[in-house]
Amino acid sequence: MTDLLPGVTGVLVLADGTVFQGLGCGATGDALGEVCFNTAMTGYQEILTDPSYMDQIVAFTFPHVGNVGVNPEDVEQLGDDPRRAAKGAIFRDLPTPPANWRSTLNFDAWMASRGVVGLAGIDTRALTKRIREKGMPHGVIAHNPEGRFDIPALTQKAAEWAGLVGLDLAKDATSTQAAQWTSDLWKWSEGHKDGQKADFNVVVIDYGVKQNILRALISVGAAVKIVPAQTPAEEILAMKPDGVLLSNGPGDPAATGAYAVPQIQKLVAAGLPVFGICLGHQMLALALGAKTLKMEQGHHGANHPVKDLTTNKVEIVSMNHGFAVDRDSLPTGVVETHVSLFDGTNCGIALDGKPVFSVQHHPEASPGPVDSLYLFERFAHYMRDAKVAA
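For what it's worth, UniProt numbering labels the leading residue of the sequence shown as 1, then goes sequentially.
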């Protein structure tokens, strides 16, 4: 056992033995994962229910959370399994009581109900600086109301974890069977309603898809069918889609690509419009002959500047990824279309002369600005053109 400060009920223990002491919140117990920081000022519920955060512990740089509570409409994952999202959350201050008309539950109680272990009262600036300088560490977040923690055991647990490299999490985040989706984007005073008209059919390969991607497709006139990550290309083509979307998701794209890349290559070869987002972007790049790499600190937030090189427009976007496409590995015929203005990393590609493209960021937002929603219109444009040419 290690001596802790009086009143400590929560800790974050890193693989190198560093210990952050604070106040536990949310679920009791402990959770193991990669520790990242997120710079979004709002959207904590959407962030913690995004399947892309599987096996991760999210430190929020904005000091105040909880004021808008939580509600069923802002859940981003499909299904009710909380294991298909973030494992833990770290805050500067304890979550505050809700003060919002949409709230149906206190944030702290919601975290406890989902098994999300929380830690508050630590120096999140110091943790963020550490991640920026040394990369995203492996860690264990623990909450015990009696303040009892076996620090050496927690340190060993963090040190022995293999991490996300080589880990295929999409197989755990994906849907287990095909399903239709009908809900449109949220509208003031109306909430989510079913789309009224479908101009084309889209198959979404679910590697851990966010609900708002599906809603954004409905908003541009698509009928949406979701299929599991390991669905063969032949089955997808038999559905006669007008386009295929490769979704976001967690884990190492190279690991998921072992089974996904050959299927993506067949879909591209079939001449279909293909749109990839986040993990889908990385795996499309792999399918076209590029490589991916692990980032030191990743990009997580809702205030990232990205430049669309096809329009020269700068957008503020939502980001969530710890892997990236190696821009130097892009083969001939694959064009870089978007770049991060923070660090110059690749944020988009397109296959020259084909209706095949992808972006690293999240054009569906939720949370974040909607500067990039036009990409769904671009996808719809490709599908309309393909139908006319058929």
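Accuracy of the hints is not assured; some may be wrong.
As the list claims (entries may be wrong) - Restraint ranges, calculated between C-beta atoms of paired labels, are given here:
1. Asp-93 / Glu-146: 39 to 49 Å
2. Thr-332 / Arg-83: 37 to 47 Å
3. Thr-311 / Leu-4: 46 to 56 Å
4. His-381 / Leu-4: 54 to 64 Å
5. Lys-291 / Phe-342: 15 to 25 Å
6. Glu-190 / Asp-150: 47 to 57 Å
7. Lys-240 / Ser-113: 37 to 47 Å
8. Leu-4 / Thr-332: 50 to 60 Å
9. Ala-153 / Asn-312: 48 to 58 Å
10. Pro-262 / Ser-113: 33 to 43 Å
11. Gly-115 / Glu-146: 11 to 21 Å
12. Ala-126 / Leu-293: 52 to 62 Å
13. Tyr-259 / Arg-125: 20 to 30 Å
As the list claims (entries may be wrong) - Quick list of in silico lysine to any residue cross-link-like pairs, SDA-like style, CA-CA up to 20 Å:
14. Lys-294 / Asn-201
15. Lys-266 / Pro-228
16. Lys-157 / Gly-135
17. Lys-225 / Ala-254
18. Lys-291 / Ser-329
19. Lys-134 / Leu-14
20. Lys-266 / Met-239
Simulated from the structure, these hints should not be mistaken for laboratory data. These figures come from a predicted structure and were not determined experimentally. Where a beta carbon is used, it is the ideal one built from N, C-alpha and C, also for glycine.
Now the hints, each set against the structure:
no.	hint	verdict
1	Asp-93 / Glu-146: 39 to 49 Å	violated (22 Å)
2	Thr-332 / Arg-83: 37 to 47 Å	holds (42 Å)
3	Thr-311 / Leu-4: 46 to 56 Å	holds (54 Å)
4	His-381 / Leu-4: 54 to 64 Å	holds (58 Å)
5	Lys-291 / Phe-342: 15 to 25 Å	holds (21 Å)
6	Glu-190 / Asp-150: 47 to 57 Å	holds (51 Å)
7	Lys-240 / Ser-113: 37 to 47 Å	holds (41 Å)
8	Leu-4 / Thr-332: 50 to 60 Å	holds (58 Å)
9	Ala-153 / Asn-312: 48 to 58 Å	holds (54 Å)
10	Pro-262 / Ser-113: 33 to 43 Å	holds (40 Å)
11	Gly-115 / Glu-146: 11 to 21 Å	holds (19 Å)
12	Ala-126 / Leu-293: 52 to 62 Å	violated (27 Å)
13	Tyr-259 / Arg-125: 20 to 30 Å	violated (41 Å)
14	Lys-294 / Asn-201	violated (34 Å)
15	Lys-266 / Pro-228	holds (17 Å)
16	Lys-157 / Gly-135	holds (19 Å)
17	Lys-225 / Ala-254	violated (25 Å)
18	Lys-291 / Ser-329	holds (6 Å)
19	Lys-134 / Leu-14	holds (12 Å)
20	Lys-266 / Met-239	holds (14 Å)
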